[in-house]
Every structure is written in C-alpha cells, then in structure tokens.
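Asker: Assemble the complex: chain A is given as a structure, and chains B and C must be docked to it using the hints.
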Amino acid sequence: MKSTILQAASRYLLPILLLFSIFLLLRGHYYPGGGFVGGLVASIAFVLHSFAHGTDNTMKILRYKPLSLIPAGLGIAALSMFLPVLFGQPVMTGLWINQPLPVIGMVGTALFFDLGVYLVVVGVVLTILFTISLNTH
Amino acid sequence: MVIQNNFVLSHCGAFAAHKTRKSMLLTILSGFLASILLIPFGRYLRFERGGFMALLPALLFLYLLSYIPVIGRGEVPFEHYEWVPSLAVNLDFKMDGLSLLFSLLITGIGTLIFLYAGSYMKGQAYADRFYGFLYLFMASMLGLVLSDNILLIFIFWELTSISSFFLIGFNNTDPASRKSALTALAVTGLGGFFLLTGMILMGNIAGTNSISKLTELAAAIRADNLYPLILSLVVAGAFTKSAQFPFHFWLPGAMKAPTPVSAYLHSATMVKAGVFLLARLSPVLGDTTAWSYTLMTAGGVTMLYAAVHSLLRTDLKGILAYSTISALGVLTFLIGLGTPEALTAAVTFTVVHALYKASLFLTTGIIDHETGTRDISGLSGLRKVLLPVFFAGILSALSSAGMPLLFGFVSKDLIYEATLHAEGQFAVFFTSIMVLTNLCLVAAGFMAGIRPFTGALPPEYSGLHLPHWQMWVPPLLLAICGLFFGVLPAIAGGSIVSPAVNAMTPEETEVHLKVWHGFNTVLALSVATLAAGTGLYFLNKPGIRKLRFAERFENLSPAAFSGRITAGFTRFSSWYTNIMHNGFLRSYILKIIIFAEILLAWELLGGGPVYINFDRLSSAGIYEIVNILILILAVVLTVTTSSRLTAVVAMSVVGYGICLMFVYYSAPDLAMTQFTIDTLTVVLFVFVLFNLPPFLNVANKKIMTRDAVVALAFGSILSITALKALQEPTETTVSKFYSDFAYTLAKGKNVVNVILVDFRGFDTMFEIVVLSIAALGVYSLIKLKLRPSEKE
Amino acid sequence: MELLLIFLIGILYAAGIYLMLRRSMVRLLLGIMLLGNGCNLLIFLLGNITKGKPPVIAEHAKTFTDIYADPVPQALILTAIVISFGLTSFAIVLLKRVYLLVNTDDLDGLNTPEEEDL
Numbered sequence: 001m002k003s004t005i006l007q008a009a010s011r012y013l014l015p016i017l018l019l020f021s022i023f024l025l026l027r028g029h030y031y032p033g034g035g036f037v038g039g040l041v042a043s044i045a046f047v048l049h050s051f052a053h054g055t056d057n058t059m060k061i062l063r064y065k066p067l068s069l070i071p072a073g074l075g076i077a078a079l080s081m082f083l084p085v086l087f088g089q090p091v092m093t094g095l096w097i098n099q100p101l102p103v104i105g106m107v108g109t110a111l112f113f114d115l116g117v118y119l120v121v122v123g124v125v126l127t128i129l130f131t132i133s134l135n136t137h
Numbered sequence: 001m002v003i004q005n006n007f008v009l010s011h012c013g014a015f016a017a018h019k020t021r022k023s024m025l026l027t028i029l030s031g032f033l034a035s036i037l038l039i040p041f042g043r044y045l046r047f048e049r050g051g052f053m054a055l056l057p058a059l060l061f062l063y064l065l066s067y068i069p070v071i072g073r074g075e076v077p078f079e080h081y082e083w084v085p086s087l088a089v090n091l092d093f094k095m096d097g098l099s100l101l102f103s104l105l106i107t108g109i110g111t112l113i114f115l116y117a118g119s120y121m122k123g124q125a126y127a128d129r130f131y132g133f134l135y136l137f138m139a140s141m142l143g144l145v146l147s148d149n150i151l152l153i154f155i156f157w158e159l160t161s162i163s164s165f166f167l168i169g170f171n172n173t174d175p176a177s178r179k180s181a182l183t184a185l186a187v188t189g190l191g192g193f194f195l196l197t198g199m200i201l202m203g204n205i206a207g208t209n210s211i212s213k214l215t216e217l218a219a220a221i222r223a224d225n226l227y228p229l230i231l232s233l234v235v236a237g238a239f240t241k242s243a244q245f246p247f248h249f250w251l252p253g254a255m256k257a258p259t260p261v262s263a264y265l266h267s268a269t270m271v272k273a274g275v276f277l278l279a280r281l282s283p284v285l286g287d288t289t290a291w292s293y294t295l296m297t298a299g300g301v302t303m304l305y306a307a308v309h310s311l312l313r314t315d316l317k318g319i320l321a322y323s324t325i326s327a328l329g330v331l332t333f334l335i336g337l338g339t340p341e342a343l344t345a346a347v348t349f350t351v352v353h354a355l356y357k358a359s360l361f362l363t364t365g366i367i368d369h370e371t372g373t374r375d376i377s378g379l380s381g382l383r384k385v386l387l388p389v390f391f392a393g394i395l396s397a398l399s400s401a402g403m404p405l406l407f408g409f410v411s412k413d414l415i416y417e418a419t420l421h422a423e424g425q426f427a428v429f430f431t432s433i434m435v436l437t438n439l440c441l442v443a444a445g446f447m448a449g450i451r452p453f454t455g456a457l458p459p460e461y462s463g464l465h466l467p468h469w470q471m472w473v474p475p476l477l478l479a480i481c482g483l484f485f486g487v488l489p490a491i492a493g494g495s496i497v498s499p500a501v502n503a504m505t506p507e508e509t510e511v512h513l514k515v516w517h518g519f520n521t522v523l524a525l526s527v528a529t530l531a532a533g534t535g536l537y538f539l540n541k542p543g544i545r546k547l548r549f550a551e552r553f554e555n556l557s558p559a560a561f562s563g564r565i566t567a568g569f570t571r572f573s574s575w576y577t578n579i580m581h582n583g584f585l586r587s588y589i590l591k592i593i594i595f596a597e598i599l600l601a602w603e604l605l606g607g608g609p610v611y612i613n614f615d616r617l618s619s620a621g622i623y624e625i626v627n628i629l630i631l632i633l634a635v636v637l638t639v640t641t642s643s644r645l646t647a648v649v650a651m652s653v654v655g656y657g658i659c660l661m662f663v664y665y666s667a668p669d670l671a672m673t674q675f676t677i678d679t680l681t682v683v684l685f686v687f688v689l690f691n692l693p694p695f696l697n698v699a700n701k702k703i704m705t706r707d708a709v710v711a712l713a714f715g716s717i718l719s720i721t722a723l724k725a726l727q728e729p730t731e732t733t734v735s736k737f738y739s740d741f742a743y744t745l746a747k748g749k750n751v752v753n754v755i756l757v758d759f760r761g762f763d764t765m766f767e768i769v770v771l772s773i774a775a776l777g778v779y780s781l782i783k784l785k786l787r788p789s790e791k792e
Numbered sequence: 001m002e003l004l005l006i007f008l009i010g011i012l013y014a015a016g017i018y019l020m021l022r023r024s025m026v027r028l029l030l031g032i033m034l035l036g037n038g039c040n041l042l043i044f045l046l047g048n049i050t051k052g053k054p055p056v057i058a059e060h061a062k063t064f065t066d067i068y069a070d071p072v073p074q075a076l077i078l079t080a081i082v083i084s085f086g087l088t089s090f091a092i093v094l095l096k097r098v099y100l101l102v103n104t105d106d107l108d109g110l111n112t113p114e115e116e117d118l
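Going line by line, the protein sequences match chains A, B and C.
Just so it is clear: in the first sequence, position 3 is 3 by our numbering, and no numbers are missing.
Just so it is clear: in the second sequence, position 664 is 664 by our numbering, and no numbers are missing.
Just so it is clear: in the third sequence, position 53 is 53 by our numbering, and no numbers are missing.
Hints listed in this document are in silico derivations from the structure and should not be mistaken for laboratory results.
All C-beta atoms in this analysis are idealised placements derived from N, C-alpha and C, irrespective of residue type, glycine included.
Just so you know, not all the hints are guaranteed correct.
Distance condition first, Cα-Cα at most 20 Å in a straight line; then the derived SDA-like pairs of lysine to any residue [stated by the list, open to error]:
| hint | chain 1 | residue 1 | chain 2 | residue 2 |
| --- | --- | --- | --- | --- |
| 1 | B | 747 | C | 62 |
| 2 | B | 783 | A | 75 |
| 3 | B | 736 | C | 100 |
Counterexamples of contact, computed for chain B against chain A with all Cβ distances above 10 Å [what the hints assert, rightly or not]:
| hint | residue |
| --- | --- |
| 4 | 84 |
| 5 | 87 |
| 6 | 190 |
| 7 | 540 |
Quick list of the computed label-pair ranges, beta carbon to beta carbon [what the hints assert, rightly or not]:
| hint | chain 1 | residue 1 | chain 2 | residue 2 | range |
| --- | --- | --- | --- | --- | --- |
| 8 | A | 65 | B | 615 | 22 to 30 Å |
| 9 | A | 65 | C | 103 | 29 to 37 Å |
| 10 | B | 22 | A | 71 | 52 to 60 Å |
Only chain A is shown next, with the shape it has when bound in the complex (with noise of 0.2 Å):
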C-alpha cells in the first residue's frame, strides 16, 4: 500500500486536513461544521497518513495514544459544561467573551465543548481504528 505518490500527497495533506478541520471547528457555531465533522476530517487526515507512511510513523507524530484523547476531550467538554456554576449559573450556561478575538472569533464556552467533542471524536476513530490495524498484520 506504500506508493510513494501517496506518501508525499500524505505529507503535505496532513496538516492541510488538519488546518481545515480546525476551521471546521472554529465556524461551526456560525456556518456549517462543528466538532463532529471536524474531529471526523482530522481523524480521517491521520487515517490516510497511516496508510501511506504505516500506523507506526504517525502514531509518533501523533506522540500521545490517541486513546488518552478520549479523557481529555471529555474533559474539557464537562469543563466547559459546569464552568458557568463557578459564576453562579445553572449548568452549561452560555459564558461568552464580549469581544471578537482576532481570527478565532467569538470565544465562549460551547466552542471549548465543541473542541471537547472533537478530542473525543479524534480519540475514538482513531483508537478504534488503530488497534485494528495494529492487531491485524
């Protein structure tokens, strides 16, 4: 499956996929995206560089065990869920940032859940998929 066509479309594809899949994220609460689809994009980015370069060599780039993002994802989106209660507010309570921030835009705690849900969606296609093709060859 190493085609050398593959491995350097897949170098340079990995961080383009995963620019778009943070912009994915980032517009969701204004345009079409989100977290489900971002982190799906990034999954699918990791993915395609596994089948050009093998599951080892991008579980290096990735450092960390993708199932070790499934705890932070759910963590940051449980974060960002009771938050508002340290102000006083009924739990997840829109909190937002007055101000734009430049190129982010608005900053509020649903964009901190969505960035939860995107961790956990990248966690699990990648955990499921990895141990698969770890466990198979």
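Answerer: Leaving out everything else, chains B and C in the frame of chain A:
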C-alpha cells in the same frame, strides 16, 4: 409517623380510648427484626442448643398476657401509623378479643415450638435459616391477627405463605420436599390473589380499608351488587389457606416440613389464618344465606371427607394432617353457622385443637426422631421407654376424643349444642354429620396419640432413651394445659373465649364455659361419640391395603386434578419456549418483525384511507432521480451479491448517495458527517475485511422467499405509514423555538450546531461518552487475550 | 420527490431486514447498517425536506427571514450517524473476534442448544 389517639366505635359499643403506645407495632417488628438479623449474623451463632431462640416468643407471650385485663375491661387498644396513605394502606393495629386469642396462641405455642426445635434441629446445617424463617412466620402471623386494615392483612397473609414455602422446602435436597413446597405456595398464592381482589373490591365499595369502619358499613356491602363476587373471592382465599375442600391437598404435602414446623404452621397457627379471616370478616360479610351456605357446605364436606381419610393413613403425620383438615372444616362449618353458640364453640375449639394437635405433632416428632419411622404399623409399646411422651400423647388424644375433665370435652359439648340449636329441620342433619366426623376424629386421635405407646415393645426399640427435656416438656406442657382448662374451663372462658366471641358478634354474649351441663342430649351425644370412636379405633386396622384402596380414587381427587393442570402448563411452556426462544437470532428477529407488521397494518387499516396530497409534495429534479436510481441499484447489489467486497463497496455507495441527498436538501452538516463517516466505515471494513469470514452462502429457496416476503411487506407497510404521516401537519414549535433563539440566546447562527452544543448539550455530552465506551470496548476486545481453554 | 424518497426508504428497510434474517454474521451487520440509513432518511423526510435553505441564519440577521430546513431532525440524524459508527466498529470487531473463536460466519455455529434442558 402520626400516632393518633383514636376512638374506635366498635359494634360492641363504645370503648374508652387506650393510652397511646407503640407496643403492638413493636411486638410485630421484633420478630421481623430478629428474622432479618439472623440472615447476616445467624451463622455466627452456635445452634448446639437453639433453645434460647424461644426467649423472644416467651417474652412476647408474657407481654401479651398483660392485655387480658385490658381486654377484659372492654377496651380495644388501637394504633395507627400512616404508611401509604394515598392507597389507604396504613399500619392500623387493633387488639380485640379475637386478636388476643390468636396472638396468645402464636406466641405461646411458638415458645414451646422454638424450645422443641432447639433440640430437634440440633446439628442441622442452616439452622440459622430455619430460625430466621420461623421468626419471619411468627411476626407475619402476629401482624395478620393484629391488623385492622384489609390490605395490611393481605401483606402479612402473603408473608406467612412465603415463610411457609421456605419452611416446607427446608430440606431442599429432597425433590418431594421441593414439590410440596411449590404446591403449597401455588395453592395459597392463588388464594392470596383471590383474597386481594376481594379486599380491593370491598374497600372500593366502602371507601375505606379499615376493618373497624367496614364493620360499620357492613349493611351497605352486603346489599351491593358485587357482594356475591366479593364473598366468593374472600372465601376462596380463606379456603386455600385453611385447606378446605377442594383446596385441602397441599396440607398433607406440607408435612414434608420438619415436625416443629408442621406442629406450628400447619396445625396450630397458619392454617387457622383462613379461619381467623372468616371470623374477622364475619361481622362484615357474614349473616347472609350465601355466607352460611358456602361456609357450611365447604366446612361440612371437608370435615367428613378428611376425617374418613385420616383413618386410612398409616403415616403418623398423615393421620394428623387429615385430622387437622377435618378440624379446620369443623371450624369453618361453625363460623358459617354463625349463631353465638356456634361462634363460642368455634373459638373454644380453636384453642382446644391448637393445644392437643400441636402436642400430638410434637410427640410424633419425638417418635420419628428416636425410632426413625413414622409408620404406625411398626410402632408399639413405646410407653416403656418414652413415658413422659406417652403421657403427653394420651392426654392429647383423650382431649381430642372429648373425654370429660379434658378441655376437648368442653368444646365438643359446645359444638353439639350449637348444631342441635340450629334452625328447623337442619339440626338433626348437622348434628349427625358432626357426630360422624367426631367419631372418626376420636379414632384418629387414638391412633396417633395412643397406638404407638401401647402393646409390646419391639426388641429393636428397647434401647431407646428419653430425648433431651427440651423435646418432651413442650408436648407434655401443652397436654397439661388441656387438662387444666378441662378442669377449670371458666378461666379460659372468661379471659380469652368470651372477648373473642364478642369481637365477632353484634350483640353482647355472655360465655360461661362449664364442665357439667347436667344430663341432656348433648352429654348423651358426647358419650356416644366417645364410645363409638373407641370402638372404631379397635376395629380399624390401618394398613397398606386400605391405603391402596384410598389411592384408587386418587385420579379423581383435587390433587390429581391440579397435578394435571400443572403438567399441562409445563408442556405448554416447553412448547412455547421451543417456538419462541429457540436460540436462533433470525427467528427472534422474524417474530419481532412480523409482530410489528401486524401492529402497523392494524393501525393503517383502522386509521382511515391513505391519500396523496400532491400540493404538499415537491417536484423531483433529474439529479435526484438519477441519484435515487443509483441508490436503489446499490441496495439491490448489497443484498444479492455473494462477494463480501462487492457488498461493502455497494454499501458505501449507498452511504455516499444518501450524503448527496443531504446536500440537495439543505443539510450541509449532515452531508459532511455522512461523507466522513462513510469513508471511515469503508476504511474500517478494509482493515478487517481479510480477517472476516467469507460469506456463508446457504441457499434455501423456500426460506429466502419467506424472508423476502416478510421484508418487503415491512418495507411497504412502512412506506405507506410514512406517506400517511406526511399528510399530517408537521409540529414545528420546537424547531421554531430553537431557530428563533439560536442567535439571541446562544450566539450562534448554525442552528444544527447550536442545538448540539448548547440547547441539547447534555445529550451531546452523553453521546460522546457512549462513543468513548464503544472505543474502549473495541480496544479491550482486541487487546483481550483468550485463555487457551476458550480458543478450543 | 417525497414519493421517490418514501420508495427508497421502503427498499432500504426491506433490504436491511432481509439481510438481518440471513445466517451470515457479516450480512447481519450490513443489514443493520442499511436499516440505520433507512431510518435516518425517514426522520429526515418526516421533518419536511426543503431545497437549498440550510438552517443557518444569514450574515447580518439575528433570526431567520426566509423559510429554512428544519434543524431538529438534522441534529438528531447527525447524532445517529456518529453513534452508528461506534456501533458498526464495535460490531465488526466483535464479529472478527467471534470468527476467530468459532471459525465460521454461520450464526447457528454460535448455538449450543441444550437439548437435555428442554
């Protein structure tokens, strides 16, 4: 809890309120507490001599004795605690004469039984369980007789059935024991069900569940259209519990229980619960022709049938079981008769029977324990080795026979008096069947209490020793009680019997129990019964031949009938299991689908015509039509192909096609998600495809056609349903709310995303949790190392 | 158009159920996936399909000014799609595992009917 200081207006006149105390509740709870404590901690107790278990019932008995003067003053202590007020189920307890009589029997005989069991069950494994169940029973029984709420009575009623089930099946390694326990539970459980229905109906008519209030409303209940139904349900419940014909057959089976249990539950107390219930409800439901006829017919048939049967048995416990059934028949008959005299006789006989029958059971238990057999034909001359037991046996047998100067004589007198004073032409008939019954009971009592002790002692028993005093003192004590009350019946009459009778009758009845009534018909009848019964005892030689004769009619008996019903159910359920639960996944799916089809089709057929409103439909462009054609082709290919790879590819084409549909119809988020997921699914399949089994191609044209028909039928029915649903106006409140407030409240413009991360954020949170669990599942499934044994 | 979609949904359901009734485990899985797709489409259809109007509020507006596609079914389906991926992957792995154990695609191979119990 609210403790009310209630003034109970009873039918016997106004009673002064009793001072507030929680004693009755504590009396009942103490037994439950002891039972519950025995389950976790019982195994740490040493049951070498379990006699100390008798301490609790003894204390309760002494405490309950203190109620005698209270009741004697005409007070009716009452306690009220709210439990489920919305259902009118409250912890109402009332102590009247009837309750007192029964609670004294329960705790008094209970004390002796616990003492006896301490020695009888010595060395038994699981003695802690035994005592736990016995306490459970005692507490439930106390609750039953003290309750003043019909639903509360039902709860305790069922608890006694359950504890009886465990005690009958105590020797759970014996299949016969298990079967008897199940039969008893089935019969009494069925009765409990009847009882509950009857109770609820009764409560609905009267608008109250309190027995005291029901008594005041008795006339309304008796006049109600549902009265016959209520009567038959309640009576059916009582008959199953008190082993009345045709429900009597569980009681002889229940003799599989350890003997203390038979003595306690199945002769002295629990089986009398049905009689108690009839007595308790006779002010409410009684005093009608239907009541009298039902009770007297059932009681009459039972007492005669069982009395004759008891003569045919050779097993000591069998004799006692049938004579118990007969005695219960007598009680039911007397309550049905319903005159103050009959009720007095019933109450007295309850005490008399409890005393002598418990004693006889306990002597039987000793004989069984010492000799290892209960077969009457092999037992004789035991008086030479078990003298105190012989005294207990003979005193009890004579009391049961109605010998003067024993308590049985008093009750027999009362019974004959009651039947002789029955209305009109029935008096002679009632008296004669009563005499016949008693005649047999005399002989049966002698067979159980005297025969094993008389005659020559077989050499193999000559080495027997008297058991521990804990075993022979209780029966002797019971028998001596019978003697004591026989000589001085007025003590029992004034303190216990009179208040109990008054609790059942509307008008005040003076009860004077006497030994000597003078020379009259009653005395003549008593003497004649005794003489004829003794004669019958000497004539009747029970043996295997008579038993065989009795067994010839076994096919017609209610027991065999119920056995056939049970066998039928077993056959039905195994047939049903074979059909419905055959372990083939597709057969389950097939049944579920067909059932769903029937339901949906039923709804469609009944729900008016299906029409197509073309105005509401949108037009189809060429792209969409082509896309749908491709989709259909892909679906067909997925189904028909015999190659896994083709199927997976076709499957992904279906996914991409649906993705395009989402693009056409304004769902960009869905389109993106579907696209990526579809891609990942294909990758997933590619990763594992070569590790997957090749398609199993089992072609059976017939089955394939059947499945195709079922599947296509479901598809069509679903399509029609969808078509119909499309004609209905869409509910848009929710989506309108989300759309209107997406920006103003949640500061987002992509409404789908706003719903996911804000409005329904909780759902999304749980969704990612589920996803994580799936990932963990995959991870652990793959990492799991198979043990060699599982690898085959 | 709705009629065509309804027809398609019927086909998807029928195909899904037919595959679920087969003895092959892989076919069972494919059947479940087809059924899931049919179900998603059904929800989508019943939310009234609208062409070219995604549920996204316009650039300078605060609420919708035009008609728009119903966002609720879309949110439901999005969730369903993602979850079904979790289900499918777990099922595939389970299937592989079972195959390693019993070496057959035959669902009946998993049965050990205990005849003596009947």
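Asker: So, for every hint listed, does it hold in this structure?
Answerer: Here is how each hint holds up against the structure:
{"no.": "1", "hint": "B:747 to C:62", "result": "holds (9 Å)"}
{"no.": "2", "hint": "B:783 to A:75", "result": "violated (25 Å)"}
{"no.": "3", "hint": "B:736 to C:100", "result": "violated (52 Å)"}
{"no.": "4", "hint": "84", "result": "holds (35 Å)"}
{"no.": "5", "hint": "87", "result": "holds (36 Å)"}
{"no.": "6", "hint": "190", "result": "holds (52 Å)"}
{"no.": "7", "hint": "540", "result": "holds (83 Å)"}
{"no.": "8", "hint": "A:65 to B:615: 22 to 30 Å", "result": "violated (58 Å)"}
{"no.": "9", "hint": "A:65 to C:103: 29 to 37 Å", "result": "holds (32 Å)"}
{"no.": "10", "hint": "B:22 to A:71: 52 to 60 Å", "result": "holds (54 Å)"}
Of the numbered hints listed earlier, those contradicted by the structure are 2, 3 and 8.
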